[in-house]
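The listed protein sequences correspond, in order, to chains A and B.
Read left to right, the first sequence gives residues 86 to 262 (this note's numbering).
Read left to right, the second sequence gives residues 45 to 212 (this note's numbering).
Note that these hints are calculated values from the structure, not bench results.
Glycine included, C-beta positions come from ideal geometry on N, C-alpha and C.
Treat each hint with caution, since some may be false.
Stated by the list, open to error - Which bits of chain B does chain A cover? Going by a derived footprint, with three or more residues having C-beta under 8 angstroms, they are:
1. 118-132
2. 198-212
What the hints assert, rightly or not - Just some of the chain A residues that point at chain B, by a computed CB distance under 10 angstroms:
3. R178
4. D235
5. V237
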Amino acid sequence: MAVLPLLTVPDARLGQVSEPVVDFDADLRRFAADLEETRLAGPAAVGIAAPQVGRFQRLIIIDVPPKKGGATHGHLVLVNPEIVHWEGWEMGREGCLSVPDYTGNVIRATRLRLQAQTLDGTARELEMEGFEARVAQHEIDHLDGLLFVDRVVSRRTDLFRRKVYRSRGRPAGSDGH
Amino acid sequence: MLTLVGEDRPGIVAAVTRALYDAGCNLGEASMIRLGGNFTIMLMVNGGQPGARLEEALAPVAADLGLRCHIDPIPGALDRHPVPNIQVRVMGADRAGIVAEVTEVLAATGFNILELDSSVCGEPGRPLYIMNILGCSGEALEVLDEAMAGLRARGVSIDIAPIETMIG
């Protein structure tokens with residue numbers, strides 16, 4: 086196991102769209118273990134995505150202990166995650182291992198249903214809400230080359246922009262409104 | 045720390061920052077916002093210029109745009125930003141003393157204000173004061189909440205909420 090070097094802004098590679106995982110092999114499992122070690126080495130991160138360490142594959146790790154906001158799934162490695170349903174929205178403050186020393190307010194959906202695979206390729210479907218749903222959206226954004234700073238509404242107030250952010254490969258308004 | 049205030053109009057930021065750039069300055073953290081019809085700028089500026097030279101460089105722009113300018117030499121370095129963990133929203137009929145009363149209570153608990161913005165809105169004759177505070181507190185939410193009981197009893201709406209910052 087190894088702590089991998091993190092890409093940080095303004096590294097252009099953070100804007101790269103990651104490829105789906107095809108091979109569910111030992112190398113992938115080794116990488117997932119390294120990614121987890123990298124997450125734990127940093128400042129209290131509840132999630133990390135493969136492209137943050139320069140591996141442009143659709144794999145994320147989320148770890149929201151059940152005590153935070155009720156029913157959560159705890160530690161999750163999600164491969165090829167896809168959000169298939171969004172509901173509601175909420176403002177919340179986010180920071181990122183790839184954007185040191187900056188936090189800002191971002192609007193995220195409050196309830197999600199997502200499909201993903203486990204490290205051995207098994208398909209699974211999960212429902213998430215609140216803080217855990219926020220983490221999933223933040224990490225999946227990384228797979229699409231997006232950082233939370235691309236979505237920061239305002240550091241100052243609760244106000245939000247009327248127009249939903251539109252980005253590469255993701256339709257505007259895809260948050261289910 | 046450079047402070048500039050003047051009647052709001054388009055082009056202030058562009059003219060000021062151009063003049064600073066041309067004077068060899070590097071800009072740091074800034075707060076620029078319209079307050080009651082005025083445009084206000086507080087800006088960290090770094091550049092080999094002593095204050096007097098900076099004032100000189102800005103004089104034509106300030107005269108042109110009707111800006112009042114103030115410069116305080118201060119030490120500055122890359123700052124580690126404390127992350128706020130508490131948000132306090134205050135709303136009440138506008139009257140003198142609300143800010144002092146609320147912030148005194150917060151200060152007594154050791155609350156450190158990182159940001160405070162406020163608006164006076166509502167209808168003429170019935171102005172409403174709305175204030176939003178972000179800050180750091182080592183106290184439990186209940187302690188802060190209880191500390192506000194007296195103010196609440198006097199008709200000020202005070203909402204205290206934790207800010208959970210997601211790092212991912």
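Right, here's what the structure says about each hint:
Counting residues of the segment 118-132 of chain B whose beta carbon lies closer than 8 angstroms to any beta carbon of chain A gives 4, which reaches the threshold of three, so the coverage claim holds. Note: the segment 198-212 of chain B has 6 residues with beta-carbon separation from chain A under 8 angstroms; the three-residue rule is met and the coverage holds. Among the interface hints, the one on A:R178 holds; its C-beta lies about 4 angstroms from the nearest C-beta in chain B, closer than the 10 angstroms criterion. Contact between A:D235 and chain B, as hinted, is not supported at the beta carbon level, the nearest pair being about 14 angstroms apart and thus beyond 10 angstroms.
The beta carbon of A:V237 comes no nearer than 13 angstroms to any beta carbon in chain B, farther than 10 angstroms, and the hint placing it at the interface is violated.
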